[in-house]
Amino acid sequence: MRTCLVVDDSRVIRKVAGRIIEDMGFEVAEAGDGMEALAWCRAAMPDTIILDWNMPVMNGIEFLKALRAEPEGRAPNVIMCSVENEPARILEALEAGADEFIMKPFDGEIILSKLSIARAQR
Amino acid sequence: MTPEDAEALRILVQARSGVMVNPANTYQIETRLGPIARREGAGGIGELIGVIRTGRDERLMWAVTEAMVCTETWFFRDVEPFDRLKHEVLPTLSASRDRPIRLWSASCATGQEAWSMAMCVTEARGLRSDARIELFASDLSEAGLQKAQSGLYTQFEAQRGLPIRMLLRYFEKQDEMWQVRSELSRAVRWRRINLLSDLTPLGEMDVIFCRNTLAQFDKNSRRRVLEQFRAMLAEDGYLFLGAAERADDIEGFFPTSLNGLYRRRPAQQVQAA
Numbered sequence: 000m001r002t003c004l005v006v007d008d009s010r011v012i013r014k015v016a017g018r019i020i021e022d023m024g025f026e027v028a029e030a031g032d033g034m035e036a037l038a039w040c041r042a043a044m045p046d047t048i049i050l051d052w053n054m055p056v057m058n059g060i061e062f063l064k065a066l067r068a069e070p071e072g073r074a075p076n077v078i079m080c081s082v083e084n085e086p087a088r089i090l091e092a093l094e095a096g097a098d099e100f101i102m103k104p105f106d107g108e109i110i111l112s113k114l115s116i117a118r119a120q121r
Numbered sequence: 000m001t002p003e004d005a006e007a008l009r010i011l012v013q014a015r016s017g018v019m020v021n022p023a024n025t026y027q028i029e030t031r032l033g034p035i036a037r038r039e040g041a042g043g044i045g046e047l048i049g050v051i052r053t054g055r056d057e058r059l060m061w062a063v064t065e066a067m068v069c070t071e072t073w074f075f076r077d078v079e080p081f082d083r084l085k086h087e088v089l090p091t092l093s094a095s096r097d098r099p100i101r102l103w104s105a106s107c108a109t110g111q112e113a114w115s116m117a118m119c120v121t122e123a124r125g126l127r128s129d130a131r132i133e134l135f136a137s138d139l140s141e142a143g144l145q146k147a148q149s150g151l152y153t154q155f156e157a158q159r160g161l162p163i164r165m166l167l168r169y170f171e172k173q174d175e176m177w178q179v180r181s182e183l184s185r186a187v188r189w190r191r192i193n194l195l196s197d198l199t200p201l202g203e204m205d206v207i208f209c210r211n212t213l214a215q216f217d218k219n220s221r222r223r224v225l226e227q228f229r230a231m232l233a234e235d236g237y238l239f240l241g242a243a244e245r246a247d248d249i250e251g252f253f254p255t256s257l258n259g260l261y262r263r264r265p266a267q268q269v270q271a272a
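Line by line, the protein sequences give chains A and B.
Numbering that gives the first Met the number 0 applies: residue 0 is where the first sequence begins, and numbers increase by one.
Numbering that gives the first Met the number 0 applies: residue 0 is where the second sequence begins, and numbers increase by one.
Quick caveat, the hints were computed from the structure, so don't treat them as lab data.
There could be a bad hint or two in this list.
As the list claims (entries may be wrong) - Label pairs and their in silico Cβ distance ranges:
1) A:VAL56 to B:SER128: 51 to 59 Å
2) B:GLU175 to A:GLU91: 16 to 24 Å
3) A:ARG118 to B:GLU226: 33 to 41 Å
4) B:GLU87 to A:ALA74: 43 to 51 Å
5) A:ARG118 to B:GLU87: 20 to 28 Å
6) B:ARG98 to A:SER115: 49 to 57 Å
7) B:SER256 to A:GLU21: 45 to 53 Å
Remember, predicted model here, so these are calculated numbers, not experimental data.
Cβ coordinates follow ideal geometry from the N, Cα and C atoms, glycine included.
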């Protein structure tokens, strides 16, 4: 089964996104910040990561740079999911290694669409 | 809204557009006609349809028809037809054309299909350096066309089907909306067209996209539109329908390896069939 790690400091967002992604056939794990997510990835690298930007302890960009430096860290499709919606900020996330970007708020159609796009680009 | 009102609506929309409205789908009818009823100062949908049933208000009858036929869509819907267009169809046509390649998004709704085609044209590789491409887009709905032509989409709409790098390349952010950049917007010519009307003035087309539209049409209207498409499509042209839509019951179209993509059978084969 494909695995997806949902990283967001909002429990509500983790639950909402997690439920949508589960319905798409993923096994879903959750992390509340970048540090926790990094520990998850070192234990078992997921196929896909839905990643918030602004989080305590370690934010999304810091996590992304750390992840991509890991031995298997290029493997997961990373979809940044943030309230940031300025082109310069989105570009920053892509340059840090994100495959796709979702501007919050989102719905199931957008997540489905972005997962397909990210998978097709690999 | 009474059953008689719903039936009157069904007859009106089918006669003017070929689209079959399900009278039992009261939610859809109320959602689409509610704004018109409010704008017209009608007491409700029933009163609005009552005015229509008098047959005196031509403008209102078209407004109601257009509201009932406007469909939801998104960028690069189903992906594969656009990949085919970019990687296969455009380079193939480019190699055999001394005149402009003519593309038509026949039922473009709010424009996402036409803009997706425009992006394919921009990104297509392997075209002759002197290749010229004309892209037309049309719809029955004036409101849909206005939105399409404005190129202005909400954040939700801009994220459905559109890869983020293409959003950044072809759109610019305006407040909380996303606007098609002017260099892309110049690539599309827009026009209100009823597919049931005579389409011959549009001239020959090399590629017609009419996806997820004809499935809503009654049998005779669908056949009439497809026969017009066949007549105006170049001998080596391409017809893109929705993946579940078929044209192989129309003499002169044959299917390809992609569901919904049809080619025009050469004339001599049509005569021999």
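Results of checking the hints against the structure:
1. A:VAL56 to B:SER128: 51 to 59 Å: holds, 54 Å
2. B:GLU175 to A:GLU91: 16 to 24 Å: For A:GLU91 against B:GLU175, whose Cβ atoms are near 20 Å apart, the range 16 to 24 Å holds.
3. A:ARG118 to B:GLU226: 33 to 41 Å: The hinted range 33 to 41 Å holds for A:ARG118 and B:GLU226, with Cβ atoms some 40 Å apart.
4. B:GLU87 to A:ALA74: 43 to 51 Å: violated, 31 Å
5. A:ARG118 to B:GLU87: 20 to 28 Å: At roughly 22 Å between Cβ atoms, B:GLU87 and A:ARG118 fall inside 20 to 28 Å, so the hint holds.
6. B:ARG98 to A:SER115: 49 to 57 Å: violated, 37 Å
7. B:SER256 to A:GLU21: 45 to 53 Å: violated, 34 Å
Checked against the numbered hints listed earlier, the structure breaks hints 4, 6 and 7; every other hint is satisfied.
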